[in-house]
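Peer 1: One letter stands for each residue in the lines below.
2 protein chains.
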Amino acid sequence: MAEALKIAVAGLGTVGAGVVSLLARQGDLIAMRCGRPVTVTAVSARDRTRNRDCDISGMAWYDNAVDMAREADCDLVVELIGGSEGIAKEACEAALDAGRHVVTANKALIAVHGAELARRAEAKGLALNYEAAVAGGIPIIKALREGLAGNRILSVQGILNGTCNYILSTMRDTGRAYADVLAEAQHLGYAEADPTFDVDGIDAAHKLAILAALAFGRDVDFDGVHIEGIGRIAAADIQYAEELGYRVKLLGMASDGEDGVMQRVHPVLVPADAPIAGVEGVFNAVVTEGDAVGTSVLEGRGAGAGPTASAVVGDVMDIAAGRMAPVFGVPVDRLKPASSLPIGHRHGAYYVRLRVFDRPGVIAGVTAALRDENVSMESIIQRGRDPNEPVDVVLTLHETDEARMTRALDRIGQLDAVIEPPHMIRIER
Amino acid sequence: MAEALKIAVAGLGTVGAGVVSLLARQGDLIAMRCGRPVTVTAVSARDRTRNRDCDISGMAWYDNAVDMAREADCDLVVELIGGSEGIAKEACEAALDAGRHVVTANKALIAVHGAELARRAEAKGLALNYEAAVAGGIPIIKALREGLAGNRILSVQGILNGTCNYILSTMRDTGRAYADVLAEAQHLGYAEADPTFDVDGIDAAHKLAILAALAFGRDVDFDGVHIEGIGRIAAADIQYAEELGYRVKLLGMASDGEDGVMQRVHPVLVPADAPIAGVEGVFNAVVTEGDAVGTSVLEGRGAGAGPTASAVVGDVMDIAAGRMAPVFGVPVDRLKPASSLPIGHRHGAYYVRLRVFDRPGVIAGVTAALRDENVSMESIIQRGRDPNEPVDVVLTLHETDEARMTRALDRIGQLDAVIEPPHMIRIER
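Here the protein sequences line up with chains A and B, keeping their order.
The first sequence begins at 36 in the working numbering and counts up by one.
The second sequence begins at 36 in the working numbering and counts up by one.
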């Protein structure tokens, strides 16, 4: 059997400990599959004295991940520190500069500095693998980079953030309000103490930018993602969506059309019988559309020690077995320049909820604004009829241009009887 | 750029023509992704004069695939002839003996002779890739062989035959009878003139045996698959299932438990809200359970020129890029010997439909037979109440051993008032 692949693991949180444990537990199987053993020779973390769920005896300890990446006796560095800047980035750069392969679970790093790191890796013939950065339980990076590589990918979309999906699923199941469910998710450990990255859609946008780069052979363009989070989704929206035959999901969507690439993360209404509508709780799913293969759907757990470790170990095993692919599917100097269409170019259907005082003429004002923008109505629901209390008016609009919709909503928001800015959610069929 | 990978294509039916076209259409992309072009140098088929949907000018023509595999100027042979014996097998053997890689879409060949061919390939350091053999639109072979390779796989199950799934979906949608829907499927081209392989479950069993070998690192054991087709499913069963909150699907299921591996293909009732229940029409889906990753679901088109060509081209590109893996995930001489548990070892719930004359005492006879085998009833539905016409009695039974269930059903079938052998469908939750 060939010599062992020696790896150094930077970061020993839940995922890092999971990786070290999985490599140990599955050692024989991994050696058999790869034709050589995989050995952890070094680890680094902030606090050496902390108790961990993995055995690190016999491994060299480094307090500093960058030192480890540069100096440790290893062929490969696994980076599990996180964050797009600072020590994580420096450790990956140091590893590549020192001729070590890199495996990372760091979506922010790849989304922001992916092309630059890919250039360093490819210049030296090194691997930069990041399956765990996008939906750990789903081998979507490998599917796009290798399995579906004979296709021109037309679109990729998915439920990319388990925290948001858990919150929206729970709101639907229980009828409870966003803030209430978020607090519970924090208590249960499904949401961070500072949930901003998740609930504001930034985490999903990192993942989407990576998928779009891979799918379309273009530079990663995180800044070009239109991002809206789930904070404005009310219990009422979820209930109305249900009545209309839809479910509310936070989707990341990227498409490569005639006008260019559009990348967006925002809440959407999807038909209740669409495959993606059934993906509930902490599960992630990615739907790809290829010119030859048609539609494929991949679903699995998005996060957690097990799925993430599984993805990291899969990446490590590819390197151990000598299986390499360009970081973004095509060599980095052949990536098309990134430029993304603004959300104003969207064409589609819309859901709008208005809080209005039910006075004579209010619906006339709303419909006039829509008519003037040539936006045509599909349905209207009005609930309640109390002259002293605001009521909900819910509209669904046929396909139209986002720009028209925005202008119509501006005008509707200025009507006297309309007491809150209109709540708009895009419909994806 | 490196030298072209030269490939020879055996079989120019819909899929063969699809492969040749896709390689031509995506030539630039493929070369960029693989670091070298892929060129078709030779083709073979039975009838040279037939019109085809692909341009084969400039390619050497062979009437005989085995001659081509042996003699053509190529690095790789794509086998798209089909069938477990005869010319397909000989062509693959000849290719490997001549030092050429093999890519095949032939599930029967891999299910019956997979280990033997793998031995030939691995002895010479050649690839034997067969992504297209199982659910073309789903990169499940790659997922099991590489992406999830760090896991011990506990079970794999799926909807593996699009024809059966189309028939069952259509029966549900329309309430029509099996024979009627099958005839229509044949007319539409979704079922073969001789549909035996599909509707009797043999095609699904081929695929399941391949998945089980890969998932559990064991020899392929097609003969060890318990197989039942969909021919006995009545419109009434589908309707009762619906009422009970289930859908009827033909599933292939393999699990690696304490007692050993069980492989089975038969109709099942699955809960209507299970992910696999929503996979309709010609779509396939595969659900895997790994010890680290948990549940993953992959869904896509199972057959057709596009999805199959996509899978074949993906396999070819792996070889062009130098990405190799053991044929069944571990080296063939490390595969565990195949032995599969008989269906009598199943433990689970059951649905039973009886045709009975509604006479006093009939239910007492049925329940006594169940009681004597210690099988406990979950629900009972009786429809109609005409003393002169047979009526349906539908039972669901709590989890029990298949052996007990079989004995109870034997006794129930012998009751005077029961006028047909009991219709039993296993329930999978």
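It is worth saying that the hints were derived from the structure and are not from the lab.
The reader is advised that the hints may include incorrect statements.
Because identical chains share one entry, a pair is satisfied inside a single copy or across any pair of copies.
[As the list claims (entries may be wrong)] In silico SDA-like links for lysine to any residue, alpha-carbon gap of 20 Å or less:
#	residue 1	residue 2
1	41	313
2	159	67
3	371	62
Peer 1: Give a verdict on every hint.
Peer 2: Here is how each hint holds up against the structure:
1. Proximity of residue 41 and residue 313 under a CA criterion of 20 Å is satisfied in neither setting, with 42 Å inside one chain copy and 44 Å between copies.
2. Taking CA atoms no more than 20 Å apart as the test, residue 159 paired with residue 67 passes between copies only; the shortest distance there is 18 Å, against 28 Å inside one copy.
3. For the identical chains of this complex, residue 371 and residue 62 are inter-copy neighbours only, at 17 Å across copies versus 40 Å inside a copy, given an alpha-carbon limit of 20 Å.
Hint 1 from the earlier list is the only one contradicted by this structure; the remaining hints agree with it.
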